[in-house]
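So the sequences go chain by chain: A and B.
Under the numbering used here, read the first sequence as residues 618 to 779, first letter to last.
Under the numbering used here, read the second sequence as residues 104 to 666, first letter to last.
A few of these clues could be false.
Short derived list, chain B residues pointing at chain A, Cβ under 8 Å [stated by the list, open to error]:
| # | residue |
| --- | --- |
| 1 | Val221 |
| 2 | Arg225 |
| 3 | His230 |
| 4 | Ile250 |
| 5 | Pro407 |
| 6 | Thr408 |
| 7 | Lys412 |
Now the stretches of chain A that chain B is said to cover, found in silico as 3 or more residues with beta-carbon under 8 Å [unchecked claim]:
| # | stretch |
| --- | --- |
| 8 | 671–683 |
| 9 | 728–742 |
Using C-beta positions, here's what the derived DEER-type ranges look like [what the hints assert, rightly or not]:
| # | chain 1 | residue 1 | chain 2 | residue 2 | range |
| --- | --- | --- | --- | --- | --- |
| 10 | A | Glu620 | B | Glu433 | 39 to 45 Å |
| 11 | A | Ser637 | B | Glu623 | 53 to 59 Å |
| 12 | A | Asn649 | B | Thr288 | 25 to 31 Å |
| 13 | A | Ala767 | B | Gln397 | 53 to 59 Å |
| 14 | A | Thr658 | B | Ala444 | 55 to 61 Å |
| 15 | A | Asp734 | B | Pro276 | 56 to 62 Å |
| 16 | B | Glu433 | A | Met706 | 56 to 62 Å |
| 17 | B | Tyr289 | A | Arg759 | 55 to 61 Å |
| 18 | B | Tyr289 | A | Met706 | 40 to 46 Å |
| 19 | A | Met706 | B | Lys661 | 54 to 60 Å |
| 20 | A | Glu620 | B | Lys321 | 39 to 45 Å |
| 21 | A | Arg704 | B | Pro419 | 34 to 40 Å |
| 22 | A | Gly645 | B | Lys208 | 28 to 34 Å |
I should point out that these hints are in silico values taken from the structure, not numbers from a laboratory.
Glycine included, every Cβ here is placed at the ideal spot set by N, Cα and C.
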Amino acid sequence: MTERRHLLSILVDNEPGVLSRIVGLFSGRGYNIESLCVAETMDPAISRITMTTRGNPMIIEQIKKQLNKLINVLKVFDLTGQEYVQREMVLIKVTAVQQHRAEILRITDIFRGQVVDVGQEHFTIKITGDDEKISALLNLLRPFGIREIARTGSIALFREKK
Amino acid sequence: MSKLTGAQILMEMLKEEGVDTIFGYPGGAVIDIYDELQKTDINHYLVRHEQGAVHAADGYARASGGIGVCLVTSGPGATNTVTGIASAYMDSIPMVIFTGQVPTKLIGNDAFQEVDIVGITRPCTKHNYLVSDVKDLARTVKEAFHIAKSGRPGPVLVDLPKDVVNATTNFSPPGKVSLRSYNPTYEPNIKQLKKVVSLIRTAKKPVIFSGGGVVLSKAHEELTAFARKGQIPVTSTLMGLGAFPGTDPLWLGMLGMHGTYRANMAVTDCDLLISVGVRFDDRVTGKTDEFASQAKVVQIDIDPTSIQKNIQVSVPVVGDCKISLRQLNELLEGLDGPDLAEDRQEWLAQIDEWKRTTPLAYKQEKDIIKPQYVIERLYELTNGEAVITTEVGQNQMWAAQYYHFSEPGRFITSGGLGVMGFGLPAAIGAQVGAPEHLVVDVAGDGSIQMNIQEMATAIQYNLPVKVVILNNCFLGMVRQWQELFYEKRYASTRFQHTPDFVKLAEAYGAKGLRAKTPDEVEKVLSEGLAHPGAVIMDFVVEQEECVYPMVPAGAPIKNMLLV
Ligand SMILES: Cc1ncc(C[n+]2csc(CCOP(=O)(O)OP(=O)(O)O)c2C)c(N)n1
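Just chain B, same shape as in the assembly (with noise of 0.2 Å):
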């Protein structure tokens, strides 16, 4: 045993747990984890912003596969991580947050820099912690890195006193982690299961409604057996989309607020749902009470409090989605019988002509760029393969409708939360953890001016990621509610002045291209796309394009206002 600082034993505990990235900025507080850091292998890239900070690491997290870890100091800088967490938290991300904190004896006298960051971040954090005892530093790390990481993942915030971390203690690595209160359940009941493949059997029209735990669980494989077993059409929430192939016969797009046609009326109609990893946010279901009401309701999940919160389920099945999908794959095998495929015939033809009628569609014009065009061009000219990041509004939307995601961990939105001027850092957090992919920010003109400064994360650190900003000089999925719903009274949705964002990229070092008409679009795509460096892309589009399908808020999801 040696006597180690608590800046050491973070250190030590940080290499323990294979972290080889973090995303931060120093302050006063943590001066003396800066020093320690610095003196390790680990990467650290200094963000502009806290934000950014929490927002990359939520991007490295999902695009890697892996967790990610955030330092800043109290204070202000502690304060501007909340909205990242409250997004990772809304999306289930495994993400460790070290917040420095005044010393403990200055704790409750609004010292300088003080915040209260656990009191603060409570209710947005899977768990938090003050470490009011350096003894207690090693475990409380692994604790931390335990708690994120499995059930349902989650962001895990550690508050750390300056006194704490320059304290000096005897340091052992604590060895496994057992918490007598937090047993998350993995393995499904078997009975459940059963229970599932029986209605299976019988169902005439059944879809599957996959989720972002889906994703989270790596089970993208078992769900595409699955669906393609029991020959069961496969919707997804935004946070699912790329768990099961976008270019599948059985793929029915997205579901929800702005899913497509077949996949809103499939849901509708259908008489069983298995859904896998959802949590049946409102969004995705509109009035609840007009929801799958014909099926019976199949729900896997990890949490439990995600079964049966907004919805009346039928077959409760609490576990991991993968080990879940893996034993239903199982039985469905062992089955003989009825002949699925033959069984689907009807219903799968109904959903045919329900994309043949209404597929996704909107009006190609010669002199204005459509956004949807740029999104359409953007997914073909990268094979589909790209690593697609977005912001929030009509952006995000477009991208979730005519990328079409074939892998998970390719599309990373916050999805829960919807946090304007996330895909910046989320892009750069994301190519750190997948450098060998094209990286994408979707963004609007609106959103990108939430964490522009990042761009000069992405120049320092030789980060190539590309920022396609489709700009309609409003904030336009508000000015989109404001049209439809509001007479046209565009009240503060229009930008008077917005920044040259060619220039503006200049201004960081980074490459501008702008496109004004269609036959541009490609040209500025292939050279912005082809460049070594960061690059924004600047796509002049028409200024009152709405996204299609769209239900209005709380009515009934077969309610679309179409095209």
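Chain A on its own, in the form it takes in the complex (with noise of 0.2 Å):
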């Protein structure tokens, strides 16, 4: 069986302590855990976790059958294979020497990232957009020398009927 990477939504009771649930059980049964993205949602009472895993399909069945049955899960969602919108932040701190600045500045334009700190030899710059176009942007810019990166994680929404 093919492991795939999935992206699920899982809206929990926002309460302590459930997060580290669902972290020990991953941690607990050797799934794995690529990225995680927790907040409140419009309800203050719940939250929304979005997180990427990967697994075969019987590991990914396991996984979402095992999220649900922990009390403090309302819903799992596996935005996998649906029409969703997905999106990440990420902050990258890259090395700026004056003969690359115009040409960085241009790529980050291109992306419609912005720059949000400077200094004397490198930007931050700010981008925000689906898988693709982060590793996308990260590629151009690893030549003139990444120093950090910050990521958010994704999040994601099923994208409505039309």
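From the two separate chains plus the hints, produce the assembled complex.
Following this line, the structure appears as structure tokens:
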């Protein structure tokens, strides 16, 4: 069975200890978390966890069932294979020496990124997009020397039926 | 509405839940709860170690069909419960554990006897709570009982900080629990059940594989009717023993690592495996690729995570075992057409053949007591009606093989976690839960020493539990692996010193008896079982006996080592 990346959107009680139950489930059962993003929803009693994980279909099925089994989990959506919009934000600190600055700005512009911090020898660029866009930008910036990055992890929602 | 303290609210809630029995051990963090508890009619059993309290609650729940309740103090009291909780979790035993906790303002400060028991038990409870406001207490207790008992049962822990216990609030009993995120599915999907029925009609070599879920949902009558109606032979997990009569012609015996030859062969060969309330533990499946590899597999379970976890399933059915089997029986009832009894003749004949050529067996000897013989005699002398608890190891397997259980709740063992030291406290709990029954702990000389202190509990409360020690001077099951797979290198499995169990029994105020030769077995058993109080019977048995059949770990279950 082939492994595949899955994007899960999980609604949980917004209570202390809930994230620890979820993370504990993954570590205890040897599942893996590639990224994780948690915040309150419109209803302050409920949080949304957006998570990317990886596994073959049997493992993914188990992950979803095990999550559903937790008392504090209200709903688990698997977005993979569905129509959804996904975004991630990344801050990229890239080395920007004099002769490269214009080029870096041009690239940033093309990707509709923003420079949010400037130094003598660096830019910090903010970019928002889906996986593909972000890796494309990272690939283009890599030759200049990426010093640090911070990623929020994916967030996603189903597309409404038109 | 009246103003009550947290401790008083807890008592009100216990009464509302119909709790009349608690196993526990006091300490500073729960002293206020104990002070209230003694004013109630609830029977509290003071154990000698908190692990004993949890196993006792486990045995109590299984023997009585109710729920086990424990009360312990913070810190070490709480950590001592962990093994018992983990065992109850793996065996899906309904239980609520109340632990004391340091006052809320000290939590996180490494206070005296503070431990994060909610964090520690998160992976081994069905759910757990830290109550941080007395206003939440009543509802939390209500939820805890609801969660522990419903769906796939399990232990739920409630941590009670001392200031919450002492705070007061207006108490009114909470209404029905409704948790939007927790709604177990009891009713099976009828379409799935119809698929099962059509598979039964066409199967030539079907087998029913029943487990602890059948015992827990009290579905034994439905199971028996189902098997007889469909003329389908039945095997079971360790946890499922007793749900189908061990004397019925359709009974195959236990499945798996120490299963019977015919059960393992039948499952290997079957074309339809109807599994009910099982989770396909590795001790049962052996090598999964070759487990029932020619069969269509049906799996009925209330817990969706049990389904398709280890084994590919053709027809999954999420639902309560009892309801599902009842509906299957109704569907089978309405079935006209092929005569199932006739259809099965060839298959049942094959199974008889396996039984005849390769029965459960051991070599009887003249001078040395064989442990299997002790269990056989115990079975006969108790008419198969005793409640048997076990320790873990060879003793557990021989009890499972040679005591033919015919009712659920009669075989009480730590199946999933395999906890040495389970049997004695579980026997104490079972005796409390089923006072009219004879309760016997089948023990090894290793395991019994892990919770031997509970003999004092048995004596204090006049609980006439009988302990049968199969004394082989070894950690027998580990020694067996060393004999078979490590060229008899007995690393740390021989006891160089063992206490005199007869004197030990007497020191506790119990009766002690010993048998050294086969002809003494019956005498000791008869005398011990007839004694009105607690007894330890020490059977000095063959030291290097092995449990057979045995499937080496990870091998296909048809690859059995035989006597
Ligand atoms: C608490 C605990 N520790 C260790 C083990 C590993 N273990 C499994 S069986 C066994 C030997 C048990 O010896 P004994 O109680 O004398 O029973 P026998 O196998 O000889 O019948 C051991 C050490 C265990 N199951 N539980």
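Against the structure, the hints:
About 7 Å separates the beta-carbon of Val221 (chain B) from the nearest beta-carbon of chain A, less than 8 Å, and the hint is met. The interface hint given for Arg225 (chain B) holds, since its Cβ lies 6 Å from the closest Cβ of chain A, which is under the 8 Å cut-off. Nearest Cβ of chain A to the Cβ of His230 (chain B): about 4 Å, under the 8 Å cut. The hint holds. The beta carbon of Ile250 (chain B) comes within 6 Å of a beta carbon in chain A, closer than 8 Å, and the hint placing it at the interface holds.
The criterion of a C-beta within 8 Å of any C-beta in chain A is met by Pro407 (chain B), whose closest approach is roughly 5 Å, and the hint holds. Taking 8 Å as the C-beta cut-off, the interface hint given for Thr408 (chain B) holds, the closest approach to chain A being about 4 Å. Because the beta carbon of Lys412 (chain B) sits about 6 Å from the nearest beta carbon in chain A, less than 8 Å, this interface hint is met. Counting residues of the stretch 671–683 of chain A whose CB lies closer than 8 Å to any CB of chain B gives 5, which reaches the minimum of 3, so the coverage claim holds.
Against chain B, the stretch 728–742 of chain A contributes 0 residues with a C-beta closer than 8 Å to a partner C-beta. That does not satisfy the three-residue criterion, and the hint is violated. Checked against the hint of 39 to 45 Å, the pair Glu620 (chain A) and Glu433 (chain B) passes, with Cβ atoms roughly 43 Å apart. At roughly 57 Å, the beta-carbon separation of Ser637 (chain A) and Glu623 (chain B) lies within the given 53 to 59 Å, and the hint holds. Checked against the hint of 25 to 31 Å, the C-beta distance between Asn649 (chain A) and Thr288 (chain B) comes to roughly 29 Å, which is consistent with it.
Judged by the Cβ atoms, the range 53 to 59 Å given for Ala767 (chain A) and Gln397 (chain B) holds: they are separated by roughly 54 Å. Range check, Thr658 (chain A) to Ala444 (chain B): about 59 Å between beta-carbon atoms, so the 55 to 61 Å window is met. Restraint check, Asp734 (chain A) to Pro276 (chain B): a C-beta distance of roughly 59 Å satisfies the suggested window 56 to 62 Å. The supplied range of 56 to 62 Å is met by Glu433 (chain B) and Met706 (chain A), whose beta-carbon atoms lie about 57 Å from each other.
Separation of Tyr289 (chain B) from Arg759 (chain A) is about 56 Å and conforms to the stated range, judged on CB atoms against 55 to 61 Å. Restraint check, Tyr289 (chain B) to Met706 (chain A): a C-beta distance of roughly 45 Å satisfies the suggested window 40 to 46 Å. Here the CB-CB span from Met706 (chain A) to Lys661 (chain B) is close to 57 Å, well matched to the stated 54 to 60 Å. In this structure the supplied range 39 to 45 Å holds for Glu620 (chain A) paired with Lys321 (chain B), their Cβ-Cβ distance being about 41 Å.
Taking the beta carbon of each, Arg704 (chain A) and Pro419 (chain B) are about 36 Å apart, inside 34 to 40 Å as hinted. Distance hint check: the CB atoms of Gly645 (chain A) and Lys208 (chain B) are about 31 Å apart, consistent with the given range 28 to 34 Å.
Hint check: a violation occurs at hint 9 only; the rest are consistent with the structure.
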